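Here the protein sequences line up with chains A and B, keeping their order. Each residue of the first sequence is one higher than the last, beginning at 1 in the UniProt record's numbering. Each residue of the second sequence is one higher than the last, beginning at 1 in the UniProt record's numbering.
These are computed hints drawn from the structure, not numbers from a lab. For clarity, every value in this text was computed on a predicted model and none was experimentally measured. The beta carbon of each residue, even a glycine, is placed where N, CA and C say it ideally should be. Fair warning: there could be bad hints in the mix.
Covered by chain B, per the in silico footprint, the following chain A stretches (three or more residues, Cβ under 8 angstroms) [stated by the list, open to error]:
#	segment
1	232-244
2	286-299
3	305-311
There are 2 protein chains.
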Amino acid sequence: MALLLPPLHLSTSYLSTSTIVALCVFFTLLGTCVIIGHLLEENRWANESIIALLLGLCAGTVVLFVTNFKSAKILIFSEDLFFLYLLPPIIFNAGFQVKKKQFFKNFTIILLFGVIGTVISFCLISVGALILIQWIGIANLGLKDYLAIGAILSATDSVCTLQVLNQDETPLLYSIVFGEGVVNDATSIVLFNSVQSLDFSSSNSVTALKLLGTFLYLFCTSTALGIAVGLLSAYIMKNLYLGRHSTDRELALMMLLAYLSYMIAELLSLSGILTIFFCGIVMSHYTWHNVTLSSRTTTKHAFATLSFIAETFIFICVGMDALDIDKWKNSKGSAGISVAVSSTLFALVLIGRAAFVFPIAYIKNRINTRENTRLEFRSQFAEAKSTSSTQDSALMITSSIIVVLFSTVVFGSITKPLIEAVQPRHPKPTSFDSTDNVEDLRFLLLENNGPINQSNNMQIQRQSRIRMLISHPSKTVHYFWRKFDDKFMRPVFGGRGFVPFVPGEAA
Amino acid sequence: MALLLPPLHLSTSYLSTSTIVALCVFFTLLGTCVIIGHLLEENRWANESIIALLLGLCAGTVVLFVTNFKSAKILIFSEDLFFLYLLPPIIFNAGFQVKKKQFFKNFTIILLFGVIGTVISFCLISVGALILIQWIGIANLGLKDYLAIGAILSATDSVCTLQVLNQDETPLLYSIVFGEGVVNDATSIVLFNSVQSLDFSSSNSVTALKLLGTFLYLFCTSTALGIAVGLLSAYIMKNLYLGRHSTDRELALMMLLAYLSYMIAELLSLSGILTIFFCGIVMSHYTWHNVTLSSRTTTKHAFATLSFIAETFIFICVGMDALDIDKWKNSKGSAGISVAVSSTLFALVLIGRAAFVFPIAYIKNRINTRENTRLEFRSQFAEAKSTSSTQDSALMITSSIIVVLFSTVVFGSITKPLIEAVQPRHPKPTSFDSTDNVEDLRFLLLENNGPINQSNNMQIQRQSRIRMLISHPSKTVHYFWRKFDDKFMRPVFGGRGFVPFVPGEAA
Chain A
1 MALLLPPLHL STSYLSTSTI VALCVFFTLL GTCVIIGHLL EENRWANESI IALLLGLCAG
61 TVVLFVTNFK SAKILIFSED LFFLYLLPPI IFNAGFQVKK KQFFKNFTII LLFGVIGTVI
121 SFCLISVGAL ILIQWIGIAN LGLKDYLAIG AILSATDSVC TLQVLNQDET PLLYSIVFGE
181 GVVNDATSIV LFNSVQSLDF SSSNSVTALK LLGTFLYLFC TSTALGIAVG LLSAYIMKNL
241 YLGRHSTDRE LALMMLLAYL SYMIAELLSL SGILTIFFCG IVMSHYTWHN VTLSSRTTTK
301 HAFATLSFIA ETFIFICVGM DALDIDKWKN SKGSAGISVA VSSTLFALVL IGRAAFVFPI
361 AYIKNRINTR ENTRLEFRSQ FAEAKSTSST QDSALMITSS IIVVLFSTVV FGSITKPLIE
421 AVQPRHPKPT SFDSTDNVED LRFLLLENNG PINQSNNMQI QRQSRIRMLI SHPSKTVHYF
481 WRKFDDKFMR PVFGGRGFVP FVPGEAA
Chain B
1 MALLLPPLHL STSYLSTSTI VALCVFFTLL GTCVIIGHLL EENRWANESI IALLLGLCAG
61 TVVLFVTNFK SAKILIFSED LFFLYLLPPI IFNAGFQVKK KQFFKNFTII LLFGVIGTVI
121 SFCLISVGAL ILIQWIGIAN LGLKDYLAIG AILSATDSVC TLQVLNQDET PLLYSIVFGE
181 GVVNDATSIV LFNSVQSLDF SSSNSVTALK LLGTFLYLFC TSTALGIAVG LLSAYIMKNL
241 YLGRHSTDRE LALMMLLAYL SYMIAELLSL SGILTIFFCG IVMSHYTWHN VTLSSRTTTK
301 HAFATLSFIA ETFIFICVGM DALDIDKWKN SKGSAGISVA VSSTLFALVL IGRAAFVFPI
361 AYIKNRINTR ENTRLEFRSQ FAEAKSTSST QDSALMITSS IIVVLFSTVV FGSITKPLIE
421 AVQPRHPKPT SFDSTDNVED LRFLLLENNG PINQSNNMQI QRQSRIRMLI SHPSKTVHYF
481 WRKFDDKFMR PVFGGRGFVP FVPGEAA
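The shape of chain A in the complex, shown without the other chains (with noise of 0.2 angstroms):
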């Protein structure tokens, strides 16, 4: 709709080459991802993120012989570039796309699974690392360096593995390894940042007592920003319903609120991650209801692909980072050192998970979710900074991504069939939710009566509430959530509400 003139257009002065050529290659590199993603989607053993790793460990060769063997980097991974603009869309498209009623079912365990384990894998891994990389030889790294370790392999990435897991084939396994992920995310960061400025002489209960305040702090204020902002966007649409003039409009100002959300969380120094979560599951109750149809379609696949770039992008830049000289040059230890601390932090990061994943799991028993171990693959920047800047730590970072190699692509190869074996495959529901709908077929009943047996079927309605308050009280608390939601939330924000799902009501 635009021509603009772009008088230095031709001349290189105004683009530097570099920049046109690493784009190139980027979007080469996607490209050929995307594509070899689908001819092998049958394949049991790749998937999209390892194709990615390889991709880009691959690139990163030719990259390194072209240039020398000065550089593998052609693109510098800045933590602008993931922060500001890949992280943001693949956040909000978990929300946005999360099934919310097997989500805030297992929000207990998911609790659970988040933040005690997440401590408890913090502390295994810190003690641990102090321990064995001191009797490996290394003694540079102070204190804080090994807690801050053990707070950033404390963090799980479930990228790989919930690309591998399928929504509708295990929806439990699925919502627990997901939610997880979030809590996991937000405890890593408190953990973290209440490393950096912790004061040792203090007492340990009141350091405790504050962790656990500044955690509360965090996760109630970011959790209400992304609602806000989520609340603010259906009523924006529901009442001015921009879709009456253009749709453009609507998807718009869906996108630019959400990423909104995102940017005040962190001008707030709130969890942005967080955050745009909660944004993402806000809008897909009600503003996504408050929109056109066609805009409904085109928000649930733009923002899916969008979310598929910027993963795809990310491992591709992985991939090639590994393969950083200077990163290697740095750290001048022979390689059976490197060897040794790889290993190490390895296995210490699987004891810190399955130290506690299988006993809160045993306490839930109810699933096993060891497979759901994956390395956070940016914990090689995280680490660049954590630590302090001596050879050791060098040898820290190439050591870290060594596990982040290793346990993409093993762990990531082996998911699928060890998930296959496990657990026998559901067949496919024909539905979009068809087991929701069962259920919510049920509430309708119970609430719209009509009024033939009214006082009749009170008695049963009355009688059936209280048998299910004591047999399952999370359902309860759904219904009523249900009852707040139709009287109060509805009537303002619109939104479909817990009506059955009519096929075909949107693509």
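Based on the hints, put chain B in the right spot on chain A.
What follows is chain B alone, placed relative to chain A:
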């Protein structure tokens, strides 16, 4: 779908607070713009560009007061940002949504306006500026500077006009204004680059020939590249059918390939604008019909929305940039001289436009496009580069900003009422392209004649074709292009071809 640990997330060490503040402000402004634009939709004097520009001015004023008159800039509107992220989606969407038939039907007049018109305008503005500005009393500029001014100001920006024009209501005017902008753009690039590397010692006729050769080379290679990438995408979509597994891959690949075409063109020093424009045309003709239904809806709306956001963003930036104190400080000239230079340039631009629009329009005896004069709002950046860095050049920059602001606000406001006054509104077509359908049906009837009356029909057909070739040469070209498309292109690259539009085929 992803949860990554950002361990340094809370601390502001990795993201500068200024970046976050700037992004917050910009996203708030964009959101406000969208809402105000919706509320003022029925208003005939306002449009989104003007609103964005005025909002930018307001925000700039506020920032100016907050920063104690140091700077009104909170985000550096770099050339990278513009050429890498804002321009490609705008131009791609233009190609993707343009009515191809109208565009190619008027290709001759578009080329006339675009090439000859720009050259006339260039000569007039350069000579006029040379005479008048020296007369005002500024003597520091060389001949090259005046030629550069001519090249820059002979380019028009159609963003504002096209926001007011309606593709359905005034299809001819729209396609001419639009197409002229694309060609005009390429011509300006060639002129500007030629001016920069011009050797004034050689004879004029050789230079002119060289210019013509460069233009033809640029035009043909850029177009060919865009078509090639577009066809590649169509071929991939048709043969791999990515939508079988995931619609996200289709979307991702279309976006990636479109962007890649622009980047490759930049890499080869071609006109990225022409390339991505033709890539968009080919994609909407072939690729779009090879993807799933939901991908069609999504691409259509998502591309339009991205383009819309980019446009609004640019106008806000221009509004804020106008208050940049440093620029005004550097131009030490008195207010009188500044106004004099501004009005001189402004008058020259109007004369330059009128000098070719009216004669060519008279020759074509079709329609008055005088109102299409929109000044290129990028000119201030361009000029900052092109003119030598003296105080006089600062004066030229500030003068350009005045010209840009004045023309956007004043002309933007009067365009809509003026078009309504000059040309009575057509009743809005009910179908997507109902006028095309009639013709499509006629062609279908001519081609797909049944076995009955075949020989008789053939006779009529042959007669009608010869008659058509004489009366409507462009229609005959179109007829043969259809034949070629059906026989050779569609079997390989897919696409809907020229069958009538089925309502409800895609939302």
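Evaluation of the provided hints:
1. 232-244: holds (count 3)
2. 286-299: With 5 residues closer than 8 angstroms to chain B, the segment 286-299 of chain A meets the three-residue bar; holds.
3. 305-311: holds (count 5)
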